[in-house]
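In order, the protein sequence lines correspond to chains A and B. Just so we're aligned, residue 1 is where the first sequence starts under my numbering, counting upward by one. Just so we're aligned, residue 591 is where the second sequence starts under my numbering, counting upward by one.
Simulated from the structure, these hints should not be mistaken for laboratory data. Just so we're clear, the structure is a prediction, and the values are computed from it rather than from any experiment. Fair warning: there could be bad hints in the mix.
[What the hints assert, rightly or not] Derived, one-sided and incomplete: chain A residues facing chain B with beta-carbon distance under 7 Å: (1) T107; (2) H130; (3) S153; (4) K181; (5) T184; (6) Y185; (7) V189; (8) R193; (9) P309; (10) S310.
Every residue gets a Cβ at the ideal spot worked out from N, C-alpha and C, and that includes glycine.
Spelled out, the chains give:
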Amino acid sequence: MSKEVFSGAEIVLKALKDQGVEVVFGYPGGVTLPLYDEIYKQNFLRHVLVRHEQAAVHAAEGYARSTNKVGVVIVTSGPGATNTVTGLTDALMDSIPLVCIAGQVPTQLIGNDAFQEADTTGITRSCTKHNYLVKDVNDLARVLHEAFYVARSGRPGPVLIDLPKDVAVGKGAYVSADKVKHRTYKPRVKGERAAIQRAVKLLAAAKRPIVYAGGGVINSGPEASALLTRLTRMTGAPCTLTLMGLGAFPASDPQFLGMLGMHGTYEANLAMHDCDVMLAVGARFDDRVTGKLSAFAPGAKKIHIDIDPSSINKNVLVDVAIVGDVMAVLEDIVAEWQETRSRIDAKALKAWWVQIEEWRGRKCLRYKPNGNGSTLTKPQYAIERLFHHLKDRESYVATDVGQHQMWAAQYIGFEQPNHWLTSGGLGTMGYGMPAAMGAQFAHPKATCVVVTSEASLQMNIQELGTIEAYKQPVKVFILRNNTLGMVRQWQEMFYEDRLSESVLEQKPDFVKLADAYGIKGLRATKPEEVDDVIAAMLAHPGPVVVEILTDPRENVFPMIPAGAAHNEIILGAGEADDTDEGSAEGMVLV
Amino acid sequence: MNAETAAIEYHTIGVLVDNEPGVLARVIGLFSGRGYNIESLTVSEVDPTNRMSRITIVTSGTPMIIEQIKAQLSRLVPVHRVSDLTMEGPHVQRELALIKVRSTGEHRVESLRIADIFRANVVDSTNDSFTFQVVGSTDKLNAFIELMQPLGLIDVSRTGVVAIARGNKPL
Ligand SMILES: Cc1ncc(C[n+]2csc(CCOP(=O)(O)OP(=O)(O)O)c2C)c(N)n1
């Protein structure tokens, strides 16, 4: 046995190579200097120097979500590590696989309030899937490989490794990835046979079935989306997706009802409410989806497929629970469905679709092109046109958080998984710009767009510097309304239009700001200019910042107010007055 | 399915974990972060060769919450096994307390008499105090402490509950 030894920093690079890592997002500092020296000496790994550590994490999320690979981040101790907390929490909520390597002060100084010391493992314990403090360089290789394994296995999530400087400098042995086996963590992949049989029986006996799928399908890989599509078509059931699940089923398919939940379509929410058998796939019955729990799909038998046993029976009690990886479970369900020659009663199914088409006929996403007496561009129109121009391109769409996010989810149709990047669970303003950048590094030839608005963009606007420095042709598409739009909408609807701290000044001028960064800036001041501006944006080979001046009084509909039931959905502005959405219970919800 | 109105139950849960830094913080952080109750928690290494510790937690909640607690515990990476002793059949549950009582004159005799009934041992004694060691169920310890109160209770230190299933099976 060769007892070759390496420095901790060399071990990190060897492990990253072993794990097939090609891109890392990071920012150096005192205690990571040994690591950065090794990064300097090699050429298999591309290090992207971001402008803020939070953005490094979101960029890694965008990279991971658009590739199904593990995203990697390197930051320094103290402020470098604390700056990652929002990103790590975001990745934990949305089950995004990340490995974050944080520098730490030398072991002998830990606990002494040393310069740039923070209790990083303590601070990140509740916002990571797991974390490690490495005190012995001989543990480092194992910990790194374990971290990648934990990040991508089971329900994926972020893993942090706290690496003291003396460990990075110290010498130790390297072990390769194939020699490392985790002692405890072995999530279940295959679903239980009996549960699968029960699920198929239940589904086959349905009169008003629905498939409700979420981000777990995307995490399981493209094959899972293909199987979901196959099963849905075989059964003839309608399919609705969560915000995180968009792309798991083709949006253009007639069986697709659109997104469900607070800003989901009328047909999706009413079909959820009235269904008699629900097949929930890689979705977690989040409060944005269920609305009022006691009124959630009251007459439905529920089947739930999830890799995380703690997601089952958390908010909603289900009739059949199948713990396993979505792809493996769907494979078995499809096989069982075929073997048993299952079919849903054609007459019942037909009647169900008649009902659904009637709901669909309400055309809930219609908007008034000159509503509110405003001649400014309607944000919905801008998104529709953006979608139109993106249709025939290989494109990835990231968003920030707010009204623009919901409009993007409603008006852009995704045909494939991994092409939609959004912060669902945590709702992190500032996610979009770096996430689009992360996707762009993974897909250099694709069109990567971030749909954003002035407030969210300003939370990570410094990354304009990064996209320019690396010549990444990210398209920044701003729906400008000079308000914290989503906050303003709630104030209008639930606080008698008292716009407390939700109106912004008219600055900055994003076209000028883009110019300062050396980036092309474009503006559409009226609807007639929107198409030309989008075409110019896409024709330009480099990054572009586009500002669309939009009607600031436009609201996102449909809407199920917090704490209301699916069938209490509000379709449009006129309807908002005659529903009692302001229940006391609802007001305390967010 | 009225998850909210279901009755509160007490469960004793045994958890086998890797004895590594931070593992207890992870378990406790899970309970505080998700708003679960800890009635009692004990921990000690039980398998030095494999470096494993056993945590015994007494917790309370509706059946749905108890199920969640077990699922969430199982999700922690260093956790090997989670076992709900309350659900899984008969088990023995014990707690130890050290109880210091001021006692002079008549009270001295009385406290010794009660200690005898509870099979508590005197582990320290001075001219005007006794320290008793008492082992048993949480209820028994509570009863003993209550009886010592009027006699001059000074100080109490309790271990929290440890528990093990009856029969020949491991956790
Ligand atoms: C970091 C963070 N802070 C605050 C919020 C609360 N919040 C949700 S949406 C929103 C307004 C977003 O405004 P903007 O980015 O302009 O988007 P718009 O709603 O106008 O489309 C705010 C403040 C949040 N989601 N994230």
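When the hints from earlier in the document are held up against this structure, which numbers fail?
Checked against the structure, the hints that fail are numbers 1, 3, 4, 7, 8, while the rest are satisfied.
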